Structure formats: structure tokens, C-alpha cells
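**Student:** Let the sequences and hints guide you as you build the complete structure.
Here the protein sequences come in this chain order: A and B.
With the first letter of the first sequence counted as 1, position 181 gets the number 181 in my numbering; the numbers rise by one all the way through.
Plus 1000 on top of the position in the second sequence (first one is 1) and you've got my numbering.
In silico contact screen, one side only, chain B against chain A (beta carbon under 8 Å); selected entries:
id, residue
1, Val1331
2, Ser1337
3, Ala1361
Computed Cβ-Cβ distance ranges for the label pairs, DEER-style:
id, chain 1, residue 1, chain 2, residue 2, range
4, B, Ala1361, A, Arg209, 31 to 39 Å
5, A, Ala88, B, Val1242, 55 to 63 Å
6, A, Glu31, B, Asp1279, 44 to 52 Å
7, A, Pro160, B, Glu1004, 51 to 59 Å
8, A, Gly19, B, Ala1180, 49 to 57 Å
9, A, Gly19, B, Met1227, 42 to 50 Å
10, A, Glu155, B, Gln1177, 41 to 49 Å
11, A, Leu196, B, Val1347, 57 to 65 Å
For the record, the hints were derived by calculation from the structure and aren't laboratory data.
Quick caveat, the model's predicted, so the values are computed rather than measured.
Built from N, CA and C at the ideal position, the CB exists for glycine as well.
Chain by chain, the residues:
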Amino acid sequence: MAAPPQSVPGRRLVKELLGRGDYAIISEIVESGSKVLDLGCGEGELLEWLAENKGVDARGVEISRERVQRAIARGVSVYQGDIDQGLADYPDKAFDYVILSQTLQQTQKPLRVLREMMRVGRHIIVAFPNFGHWRVRMAHLISGRAPKTGLFPYEWYESPNIHFLTVDDFEVLCRDQRWNVERRYFLSGTRRVGGLPNLMAEVAVYLLRLD
Amino acid sequence: MIVETENVRFHSLALDCGVTLAPVDVAYEGWGELNQAKTNAVLILHAFSGDAHAAGISAETGKPGWWDNMIGPGKAFDTNKYFVICSNVLGGCRGTTGPSSLNPETGRPYAMSFPLITMGDMVRLQKMLVEHLGIERLLAVAGGSMGGMQVLEWVVRYPQSVAAAFPIAGTARHSAQQIAFNEVGRQAIMADPDWNGGDYYSGKPPGRGLSVARMVGHVTYMSDDSMREKFGRRLRNKASPVFSFDDEFEVESYLRHRGTQFVDRFDANSYLYITKAMDIFDLAQGFGSLGAALERSQARFLVISFTSDWLYPSYQSLEIVSALRSRNRDVAYCELSSNYGHDAFLVEVGEQTELIRGFLARVYKEAG
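**Tutor:** Right under this line is the structure:
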């Protein structure tokens, strides 16, 4: 069991950005005028917001052709490719922030992706859904089937999620890899979680760096 | 929108091969208005057999431009917002100096005495035209196929003069396959006795050779799917094939028609010179690597390729993208889905419009 993570004190209520709490947190973390790479950037909504409101140099990687098209049509520089392989071209420390928002659980090799993010970014921001949330645990315990909740709404056979990690799992990984956790945020809906994040957080957002 | 082709004559142009060409004429067309600050100019670069007439209706021929569906009011290159220019390439036969032009020293067409030209020479001449029009920095350079190759030459040769670059269905260098198809075309022309060592301007042009070259070209521009869809095994005016060497299949008839049509509008020697310039082109040459060459560029890139394009396959666009990413240059890349083969860059208007219009608007906003 990892040491109980400390949530950053501050406002309990997070205002949403583009309908998402984790985006609001990411938008606060990212400094103005920095270079940002968003992996699995979808239609580039967050990147567009960051470019317009924080003047960042925004780049993205996205695998779906339709989403890439919509992102480029917004004027965001998105590369159509797979993040499991797609970072190899970038030089070391090419970006100030590399963002992976709600995608870690969908990558083939999460550790390799995280290491590549550490290589190309000075800081990395990882947001992921917490499989340890009490509602997921209850769903599994009571139904005896693959959990299906608001957070994990898919049938097991069509879920894009192929890894099911919890806040504690991620803490252990950071400790084992000797990554420096600069900040951590735990959300339930748009509310900051006070204690017991592994049980209470629906989504966790980590700001990390290599050393 | 009726447009007329304009002409400008430059005193001379020093070529990569060491020869100085003098004088040099350039044919070009323009659409929209250059703004006061001269920040809204877009240069369109045509493909191998294209010309300056990219948009509008030609006052001379009454025909629409080769990219008319992409350039105009409200279109991808919106002429309500941007001043769009296109010129015929050096070595061409549609108004710009080429092998069919008169050599002032002899009073006869250059023919095969025309010097060897390169993509770099073509681009240098385009830069002279752009400066002549009072434009220091282009908002964008865009083009498909050979036009895409010129886009790359532009950003490497004049990095300060380009804000956005759109190389579409292009490459940083020809593969063996691309050189091979060009060589088949050249040999078809040169095997025609009417070619006569390139000296045919006072007599009959090598129409049979040029036509065969064009037929091969058209096959490479399509895909197996698009040909099946367009022709299948359909016959002309009969129910079943008889053993004859007439054009009984529709695909035969189509290719012959396109071949013959081409002879009326294109010069065989231009075919030789321009295809050679494409084959020789290698963006990395002199820089050690593609990455080192593209590191010079300062533009934002939007690279587009098409799934069924086997003549300029996506891997060639990806080489460009990968080199740009390795130098941390700003690049967007999308492989659009299409059945049309290499022709897709001329045909797939809807999706290209969405991408280019949005991307260009963003660059214009940032630059403004």
C-alpha cells in the first residue's frame, strides 16, 4: 500500500472547462506561452482553448482520422498516429508539458508511453479514471460481473479501456519509477475529494516530472 | 469569375546548372485582393501538367481552372479573404519560358538546347514573381503532387517568406517507382520518330509518343478501385468483346481520349524537362538529411495524403512529417480516406476544404 496521497489544498469545487473537471485543472497547471503536446487529443478542444487563452504552442496526437480532421479544421496541429508508437520522432525535452488525459487506460503499453512522455516533456500531466472508486467496487461486488458504471459505461467486449488502474496503483508506479509527483488532484464530478482518494476519487490528475 | 492570364518578363534567371536564362517570361493568374499590409497572399503551385489557370473561368478558353473547386469566394482558399496567385512553372508550355519558347540567340525554339532545370529553379522564379507583386512574405504556399515538392523547396529555400505550408500528396524525393513511370513516358516520346531529337516545332509534334506517355500517367493517377468503378469491363457499343484492337473497352477509349486531348495542350519537350526535374529533386541533398533540410523551415505545416494514392503513397508524406517532428517543427498530418488514387487531391474537395480553410484561418489570425 502506497503512502496516502495528499491532495492539494484549495477550493473544493472545480469549475469545468469544456464540460470536464480534469480539463479545468490542466488549464490551471499549464503556464502561458509554454509548449504543449496532448496525446489522444480528440478533436483538439483543450489544445484550441490553451492556444487561444494561454498562448501556448499546441500540438496533438490522435489516432482517429475523423477526430484528427476536426482538430485540424480548428487550426490545431494534430498528427494522425498511435501514441503507443507515435512519440519516437520527437527530440528529448521538446515540450514543457505532455498531457495524457483519460487515455492511459487505453494504451497497449502504459509504462512505455509514460516513459516516452517523460523523455519528450519537462513535465507530464496524466489524468485517469480511478478503478478503485467505491461505486466501481460495489458494482463488481454485487453484480459479480465486469463493472459498468457512469465512469466505465462500456460492456466488457466493446470497452476501449484495456487497463484498470487505481489511484494506489499509480502511486506505487510513481514510487517504483522514482518519478517526482509535483501535484496531485482528485475529483468526484466537479468536486475535489478531501480524503481517501483511492475510494472517493472518480478521476485523478497528476503533474509529474522525471527527477 | 472571368480571369485572364497575366505575363511578366524578367531580365534573367541564373539556373542551378550554371546557365543563365535570359529573358524569362512568367504566366500567372491572381484572384482576390492583396490587403494593405500585404499579409494575405497565398501561392498555389501546380502539378506536373498544370498551368497558371487554377481558378475562375478562363477568358481565353472559357474553361474552369484545375483547382476551381478549391479556390474562390467561400472556398478552401477563400478569395474574399486571401489574395491567391498561381503561375506556370519554368520549363512549362503555358506561357512561362520553356523548351518551346524562342531562344533569342537563334530566333528558333530552344527544343533540346533548353538548359536542365530543377525544382529549385522553378521556385526561384516563383519568388521573383511574388516579389514583383510586392509580397515579401506569403501567408501560405500550397500544392499537390509536384506542387507539394515545390512547397517543400519553398520552405527550405525561403524560410522567412512562408507562414504556412500545405504539401499535399507529395514527396521529398521520387522513389524508383516514380522515376520508372516518368522514364516510360519519356521513352514513349523519344521513341516517336516525329520527336526528331526534340526538333519538331516546324513540323508535326510527336503526338503518338506524348499520347502514350499521358495514358500511362493517367493509369498511375487512378486506383484499382476507381478504375473498376469508372470502367469495370464495360464495352463500347457492344455486348461482348470481339477480337479486335480497336478501343472496345471503355477504359481503352478513355485513355486514348485523354492521350489525344493532352497532345493539343502540352509540349513533348516540356514533358521531358519537367519530369526530369521531378526525378532529380531530393530535398535532403546538400543538407545531409531530410531533417536537417526541414530544420530551416519556420512555417506551420499541414501535410495531407490519401489512402488509395499508390503513386505518391502516404509513407512519403510520413517521411516529411517524421523529419519535421524530429526537429520539433509545427506540423499537422492527416491521411484522408479516398478511392480516387493520386487524383484524390484534385477530386476530394469536401474534406480538404474543411482542413485547409480552418488551418489557414488560424495561421492568418495568428500572423495578423
